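> Below are the chains, spelled out letter by letter.
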Amino acid sequence: AQSVTQPDIHITVSEGASLELRCNYSYGATPYLFWYVQSPGQGLQLLLKYFSGDTLVQGIKGFEAEFKRSQSSFNLRKPSVHWSDAAEYFCAVFLYNQGGKLIFGQGTELSVKP
Amino acid sequence: DARVTQTPRHKVTEMGQEVTMRCQPILGHNTVFWYRQTMMQGLELLAYFRNRAPLDDSGMPKDRFSAEMPDATLATLKIQPSEPRDSAVYFCATSGELNTGELFFGEGSRLTVL
Chain A
3 AQSVTQPDIH ITVSEGASLE LRCNYSYGAT PYLFWYVQSP GQGLQLLLKY
53 FSGDTLVQGI KGFEAEFKRS QSSFNLRKPS VHWSDAAEYF CAVFLYNQGG
103 KLIFGQGTEL SVKP
Chain B
2 DARVTQTPRH KVTEMGQEVT MRCQPILGHN TVFWYRQTMM QGLELLAYFR
52 NRAPLDDSGM PKDRFSAEMP DATLATLKIQ PSEPRDSAVY FCATSGELNT
102 GELFFGEGSR LTVL
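Residue numbers (the working numbering), protein chains in the order written: chain A, 3 to 116; chain B, 2 to 115.
It is possible that some hints are incorrect.
[As the list claims (entries may be wrong)] Derived SDA-like pairs (lysine to any residue); straight-line CA-CA distance at most 20 Å:
#1 A:K115 <-> A:P81
#2 B:K79 <-> B:T32
#3 A:K63 <-> B:F105
#4 A:K70 <-> A:Y34
#5 B:K79 <-> B:G29
#6 A:K115 <-> A:G18
#7 B:K79 <-> B:E15
#8 B:K63 <-> B:A89
#9 A:K115 <-> A:L21
#10 A:K63 <-> B:L99
#11 B:K79 <-> B:R53
#12 B:K12 <-> A:P81
#13 A:K70 <-> A:G30
#14 B:K63 <-> B:R23
#15 A:K63 <-> A:Q73
#16 A:K51 <-> A:Q108
#17 A:K51 <-> A:E90
#18 A:K51 <-> B:L99
#19 A:K51 <-> B:T101
#20 B:K12 <-> A:P42
#21 A:K51 <-> B:E98
#22 B:K79 <-> B:A89
#23 B:K63 <-> B:L99
#24 A:K51 <-> B:E103
#25 A:K70 <-> A:N26
#26 A:K51 <-> A:G18
#27 A:K51 <-> B:G97
#28 A:K115 <-> A:R79
#29 B:K79 <-> B:P62
#30 A:K51 <-> A:R71
#31 B:K12 <-> A:Q44
#32 A:K63 <-> A:P116
#33 A:K51 <-> B:F105
#34 A:K63 <-> A:E90
#35 A:K51 <-> B:T32
#36 A:K63 <-> A:S82
[Stated by the list, open to error] Footprint (simulated), chain B over chain A, 3 or more residues, beta carbon under 8 Å:
#37 46-55
#38 100-114
To be clear, the hints were calculated from the coordinates, so they are not data collected in a lab. All figures in this text were calculated on a predicted structure; none of them were measured in a lab. The beta-carbon is built from N, C-alpha and C at its ideal position, and this holds for glycine as well.
The following block holds chain A by itself, in its conformation from the complex (with noise of 0.2 Å):
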């Protein structure tokens, strides 16, 4: 079954400090594959996406995120947070040969500490 996991229910890194939040995805074809922000009260806004090609795609806010097929994983990093990045981060993966839906996993809320 298709399925989208984020191991870490919850992260907190230092201002300044390098992120890595992790994600592993289930499905039979090649995934179009998703990084969404939530902040508190808010709905999600896309920060990345990967259709095809290269593998490492840039996003908004200075995110990045590396598809590796071998691992299933997709997962997004980020060089220095800033205390704006806290927020609820959602990986997902699109379902385009389902009749096109998007599932989420679990989320990973980041914490930033000063």
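Model the placement of chain B on the given structure of chain A, informed by the hints.
Here is chain B on its own, set in the frame of chain A:
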């Protein structure tokens, strides 16, 4: 600016009452998704429409939930009768013609059923 508009933003009601949540898609977006977000279950896809036709509502409890798109500018999600376990944040998200998984989310309707 183009955005998905959801009403009401907050709703408190008593068990057994009917609740209707509304969503105005971004102009020109023809795919509309309803998601429910809870701490325990995360983001669950309830139903989605393309060109106003329901494509999949398998995530929705059929006995009490219904989703419709009376026209291209309005999607509704109705719960009748509501129960305390329906307390959650309900998100509408829309996608353009190609529907590649890039979704635009509303700010959500927070429902509390007492």
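> So which of the earlier hints does this model not fit?
Hint check: 5, 10, 12, 15, 23 and 26 fail, others pass.
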